[in-house]
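S.K.: Listed below are the residues making up each chain.
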Amino acid sequence: MEAKTKDLWVFIETRDDGTARNGGIELLNPGRGLADKQGGKLVAVVIGNNVEKAVEDAAQHDADEILVLDGTEYSPYTTDAYTNAMYYLIEKYAPTTLMIAATSNGRDLGPRLACRLKTGLTADCTSVDLDEETGDIAWTRPAFGGNLMATILCSDTRPQIGTVRPGVFKKTAVITPHAEIMKEDFHVAPDQIRTELIKIIKNAAEEIVDLEGAEIIVSGGRGVKGAEGFEPVKALAEVLGGTVGASRAAVDSGWISHAHQVGQTGKTVAPRLYIACGISGAIQHRAGMSGSDCIVAINKDRGAPIFEVAHYGIVGDLFDVLPILTEEIRKYTDRS
Amino acid sequence: MDFRLNEDQLALQQMVREFTDKEVRPIAAHMDETGEFNEELWRMMADLGLFGILAPEEYGGSGMDHVAFCIAMEEIVRGSGNMYNWLVTSNGPNTGAILLYGTEAQKKKYIPKTASGEFRCAFAITEPDHGSDISGMKTTAVREGDHFVINGTKTFITMATLADRILTTCKYVVDGEDKGYVTLIVDRDCPGLVIGKDEHKMGLRGTSLNTVFYENCIVPAENVLGEPGKGMEPATACLSEVRISCGAFAVGLAQEAIDLAIAYSKERMQFGKRISQFQNTQFVLAECQTKVDAARLLTWRAAAELDQGNGDRRLGSMAKYYAGEVCNDVVRKCLQVFGGYGYCVEYPIERIFRDAKIAEIFDGTAEIHKVIISKSMGVR
Amino acid sequence: MNILVCIKQVPDTTEIRIDPETNTLIREGVPAIVNTFDVFALEAAARIKDKNPDTNIVVVSMGPPNAVNALKECLAIAADKAYLISGRKFGGSDTLATSYILKNAVQKIEELEGYKFDVVFCGKQAIDGDTAQVGPELAEHLDYPQVTCALECEVNNGRLEVLKEGEDVNLLIGIKFPCVITFTKPGFDPRYASIKRKMAANRAEIPVLGDDAFPDIDTAMIGLKGSPTRVKKTFVPQRMKGGLIVDGETVKDSSLKLVQILSDKKVI
Numbered sequence: 001m002e003a004k005t006k007d008l009w010v011f012i013e014t015r016d017d018g019t020a021r022n023g024g025i026e027l028l029n030p031g032r033g034l035a036d037k038q039g040g041k042l043v044a045v046v047i048g049n050n051v052e053k054a055v056e057d058a059a060q061h062d063a064d065e066i067l068v069l070d071g072t073e074y075s076p077y078t079t080d081a082y083t084n085a086m087y088y089l090i091e092k093y094a095p096t097t098l099m100i101a102a103t104s105n106g107r108d109l110g111p112r113l114a115c116r117l118k119t120g121l122t123a124d125c126t127s128v129d130l131d132e133e134t135g136d137i138a139w140t141r142p143a144f145g146g147n148l149m150a151t152i153l154c155s156d157t158r159p160q161i162g163t164v165r166p167g168v169f170k171k172t173a174v175i176t177p178h179a180e181i182m183k184e185d186f187h188v189a190p191d192q193i194r195t196e197l198i199k200i201i202k203n204a205a206e207e208i209v210d211l212e213g214a215e216i217i218v219s220g221g222r223g224v225k226g227a228e229g230f231e232p233v234k235a236l237a238e239v240l241g242g243t244v245g246a247s248r249a250a251v252d253s254g255w256i257s258h259a260h261q262v263g264q265t266g267k268t269v270a271p272r273l274y275i276a277c278g279i280s281g282a283i284q285h286r287a288g289m290s291g292s293d294c295i296v297a298i299n300k301d302r303g304a305p306i307f308e309v310a311h312y313g314i315v316g317d318l319f320d321v322l323p324i325l326t327e328e329i330r331k332y333t334d335r336s
Numbered sequence: 337m338d339f340r341l342n343e344d345q346l347a348l349q350q351m352v353r354e355f356t357d358k359e360v361r362p363i364a365a366h367m368d369e370t371g372e373f374n375e376e377l378w379r380m381m382a383d384l385g386l387f388g389i390l391a392p393e394e395y396g397g398s399g400m401d402h403v404a405f406c407i408a409m410e411e412i413v414r415g416s417g418n419m420y421n422w423l424v425t426s427n428g429p430n431t432g433a434i435l436l437y438g439t440e441a442q443k444k445k446y447i448p449k450t451a452s453g454e455f456r457c458a459f460a461i462t463e464p465d466h467g468s469d470i471s472g473m474k475t476t477a478v479r480e481g482d483h484f485v486i487n488g489t490k491t492f493i494t495m496a497t498l499a500d501r502i503l504t505t506c507k508y509v510v511d512g513e514d515k516g517y518v519t520l521i522v523d524r525d526c527p528g529l530v531i532g533k534d535e536h537k538m539g540l541r542g543t544s545l546n547t548v549f550y551e552n553c554i555v556p557a558e559n560v561l562g563e564p565g566k567g568m569e570p571a572t573a574c575l576s577e578v579r580i581s582c583g584a585f586a587v588g589l590a591q592e593a594i595d596l597a598i599a600y601s602k603e604r605m606q607f608g609k610r611i612s613q614f615q616n617t618q619f620v621l622a623e624c625q626t627k628v629d630a631a632r633l634l635t636w637r638a639a640a641e642l643d644q645g646n647g648d649r650r651l652g653s654m655a656k657y658y659a660g661e662v663c664n665d666v667v668r669k670c671l672q673v674f675g676g677y678g679y680c681v682e683y684p685i686e687r688i689f690r691d692a693k694i695a696e697i698f699d700g701t702a703e704i705h706k707v708i709i710s711k712s713m714g715v716r
Numbered sequence: 717m718n719i720l721v722c723i724k725q726v727p728d729t730t731e732i733r734i735d736p737e738t739n740t741l742i743r744e745g746v747p748a749i750v751n752t753f754d755v756f757a758l759e760a761a762a763r764i765k766d767k768n769p770d771t772n773i774v775v776v777s778m779g780p781p782n783a784v785n786a787l788k789e790c791l792a793i794a795a796d797k798a799y800l801i802s803g804r805k806f807g808g809s810d811t812l813a814t815s816y817i818l819k820n821a822v823q824k825i826e827e828l829e830g831y832k833f834d835v836v837f838c839g840k841q842a843i844d845g846d847t848a849q850v851g852p853e854l855a856e857h858l859d860y861p862q863v864t865c866a867l868e869c870e871v872n873n874g875r876l877e878v879l880k881e882g883e884d885v886n887l888l889i890g891i892k893f894p895c896v897i898t899f900t901k902p903g904f905d906p907r908y909a910s911i912k913r914k915m916a917a918n919r920a921e922i923p924v925l926g927d928d929a930f931p932d933i934d935t936a937m938i939g940l941k942g943s944p945t946r947v948k949k950t951f952v953p954q955r956m957k958g959g960l961i962v963d964g965e966t967v968k969d970s971s972l973k974l975v976q977i978l979s980d981k982k983v984i
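Chains as they are written, first to last, in my numbering: chain V, 1 to 336; chain U, 337 to 716; chain X, 717 to 984.
Calculated directly from the structure, the hints in this document are not laboratory data.
Owing to the predicted nature of the structure, the values given are computational and were not obtained by experimental measurement.
Even glycine gets a Cβ: it sits at the ideal position worked out from N, Cα and C.
Among the hints, erroneous ones may be present.
Stated by the list, open to error - Pairwise CB distance ranges (calculated):
1) GLY874/X to THR172/V: 27 to 33 Å
2) GLU369/U to PHE951/X: 45 to 51 Å
3) GLY808/X to ASP338/U: 39 to 45 Å
4) THR172/V to TYR677/U: 44 to 50 Å
5) ALA630/U to LEU960/X: 53 to 59 Å
6) PHE951/X to ILE208/V: 52 to 58 Å
7) ARG946/X to THR172/V: 29 to 35 Å
8) PHE607/U to GLY808/X: 33 to 39 Å
9) ASN646/U to THR740/X: 53 to 59 Å
10) ARG946/X to MET337/U: 40 to 46 Å
11) PHE607/U to THR740/X: 35 to 41 Å
12) LEU888/X to ILE181/V: 34 to 40 Å
13) PHE607/U to ARG946/X: 30 to 36 Å
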């Protein structure tokens, strides 16, 4: 399809309670700059059930226009309902660009929608810019397990679509809303939704560990040498108010559950502070945490690859360093 | 004469190597320390087909030859020497002897479930007073109607505690008269079969070694393997195969020891240099590797001869005794490369050293094999 | 039941090194493997077959001629049959074009085999491309419903019940046949190939479907022509040539220094 406007759309994913997931709101940040450069509006697309809070959130983060689709068929998320709905909206308005947060649902929806629109999608981007030469969006993303970065353009089809890693962009400051809110009317009939949610499993056996939302993560690797070895890691996480993470080596050895795993076959995280203890820093782990703002490595092997990505490091035995570091941080937080 | 491994052999080597690295190595120390039987590992190895390498395809095995078996054996013992016991009790006499001497009914009953790992097996020939001098064994089997009654004691029986059946060779007694030997398949639930305690051993601590008591042990007559009176035949048929496995076991341990020593020598610094830079280290390891390669080739040659139908007893004996001797020599020298650390349990070379000794003893001592070799050379 | 598993042969990206001088990837000597996530998909198919021995598992891969190695590995693990999709005209395809070719492949294989697939299983993403797009795009081309990020699944009540790894909880989802499921890492390890299967797989003849196997394919939708996305450039991410190693006389000193740095930077 041809674009009818120069607008940049940001898909705002909502939760079952009608609030917005952070990923989409974060994208209004780069969305602002890109929409301005493209010469169009910044449009937030909010789909869900009873989404007033999400709409307000989008408005407070600088959306010029908000398209709203509110209905019971949009909660919980289903591929069919959302693909049909987004397809309808995009056919109707034909924006030039669409950004979706690369959450679990975002990465489910993005490709399906891109295929239906016969357009290009670039997934899991870590940076987004305007390509000066072509005026297209330049989507930059990791490949080869994070060993290589690729910049992709979608020049001949519209909209150009990208899913962007949550946490890469930070939310902008809250502003007084100025968005025009447009309530759309599109419904998906029950027989058009071809999957059925049978039940939600809050995983009794494995705890739910929110690594992706964590601001501070302290991770243990092969160097902790056993399940008990995670005690100092946990203690440090606790004093920092952080979450415990783990490398694949530690999980595979059975010292901690897979819910804590950070890395290519675990979770991808981007906290403010990531402390890697006894982790060598193999590529597949780095792929999962290299987006962290500040990386600290503690390892007794000076040659460990983790020191290449770490901003700060201490060469030493984690069993010596962690208790003392924990103590010093406790003293520091007690003082302030 | 092509000494290269063919495609199938290479694929097998690669498969077992990868499996060993991922699944066997990590648990080897624990197995040695606790002697615990790792049910999950057994199951994985069974699924891989490691207990049915030699069994023909029609009985559920992979139908591969003895060279292939040696290749698989060498790779897996590099992870843990105990795997020798697991592989040989299933692939060895409990498959081979039954194939050669068993009735069709026996083959169908025993081989598929051995190959699939469902049955665990042992074989009992040695006695407390009769080791090398096995022909003097005292355990008797007396025919009484539709069953046999076995009385006696067998010792040094590997994995008897876990075995679902124990292939047992006894003296065959009819009406009080000595009529030769008989080999019987003794199922675990035969009355009168008592498994004695597990020996505390120097090495191969992950598998049990037991004394087995036969106290009026009743075995159905249909469990005779081969002809009563000629029971030594299945027993010795087993031994040719086992011999070659021993060779592969010894080669595998020795190769692992060398590779560990090389890696260590490249890290360890003394006198401002890596010890791999000292000529002594280089020469010692070069000699070790040469000997191991020679032992490996001799083992493969003996295996190939067996495959071609010429179970030259001399070759098997040569392979077994030579590989055992080389193994112990090499492992000792490689441990020396580690210095004091080689004496510590934390380093696998310590366990390999303890495991290696048995290579010169079990399944025919080096001395007995030299008797066999010299006899076949006509030196009397 | 007939299951099609889509697989890709990829370089083992955990083994990839960067040449420090040219700052490019060293691809030589990196072993080619079956994409990790595709192995999970194959395992899921094998588990269905464990319960229902009548199940037929076919693997298909779009790739260069040497991708037969990955297909053979899948035969050795659990697949009953394999097809390779390989043709010059397919080269240069992005995910949209690739999924279109695969859709044609699915239908071609169904034609050749004389049955339809009840399910198509894929790995969630390839560890080289990392896009996670081909599965859902294939589903859209086929117009089949999908579930992505599946951990495990079971045939129940005439449909597939799929345990999906959600954002913070797991979801049990019912989906009718035919459907497309993409798999992520489950809580169990995938099975090894067995020796017997490996030897048989090595001997297997794998049919290759090339350009001429698809006379009716829309050439505007394959290869570079059919690829709306284009790579403008690639680069190796900036490796920090080491950050600051916090040194001190004692562990206490280093710890104190680190705490100071982190508090100055307002990290803690």
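S.K.: Indicate, hint by hint, whether the structure satisfies it.
M.R.: To see whether the hints hold, each was checked on the structure:
{"no.": "1", "hint": "GLY874/X to THR172/V: 27 to 33 Å", "verdict": "50 Å, violated"}
{"no.": "2", "hint": "GLU369/U to PHE951/X: 45 to 51 Å", "verdict": "50 Å, holds"}
{"no.": "3", "hint": "GLY808/X to ASP338/U: 39 to 45 Å", "verdict": "43 Å, holds"}
{"no.": "4", "hint": "THR172/V to TYR677/U: 44 to 50 Å", "verdict": "58 Å, violated"}
{"no.": "5", "hint": "ALA630/U to LEU960/X: 53 to 59 Å", "verdict": "54 Å, holds"}
{"no.": "6", "hint": "PHE951/X to ILE208/V: 52 to 58 Å", "verdict": "37 Å, violated"}
{"no.": "7", "hint": "ARG946/X to THR172/V: 29 to 35 Å", "verdict": "31 Å, holds"}
{"no.": "8", "hint": "PHE607/U to GLY808/X: 33 to 39 Å", "verdict": "58 Å, violated"}
{"no.": "9", "hint": "ASN646/U to THR740/X: 53 to 59 Å", "verdict": "56 Å, holds"}
{"no.": "10", "hint": "ARG946/X to MET337/U: 40 to 46 Å", "verdict": "56 Å, violated"}
{"no.": "11", "hint": "PHE607/U to THR740/X: 35 to 41 Å", "verdict": "40 Å, holds"}
{"no.": "12", "hint": "LEU888/X to ILE181/V: 34 to 40 Å", "verdict": "36 Å, holds"}
{"no.": "13", "hint": "PHE607/U to ARG946/X: 30 to 36 Å", "verdict": "59 Å, violated"}
Hint compliance for this structure: hints 1, 4, 6, 8, 10, 13 are not met, and every other hint is.
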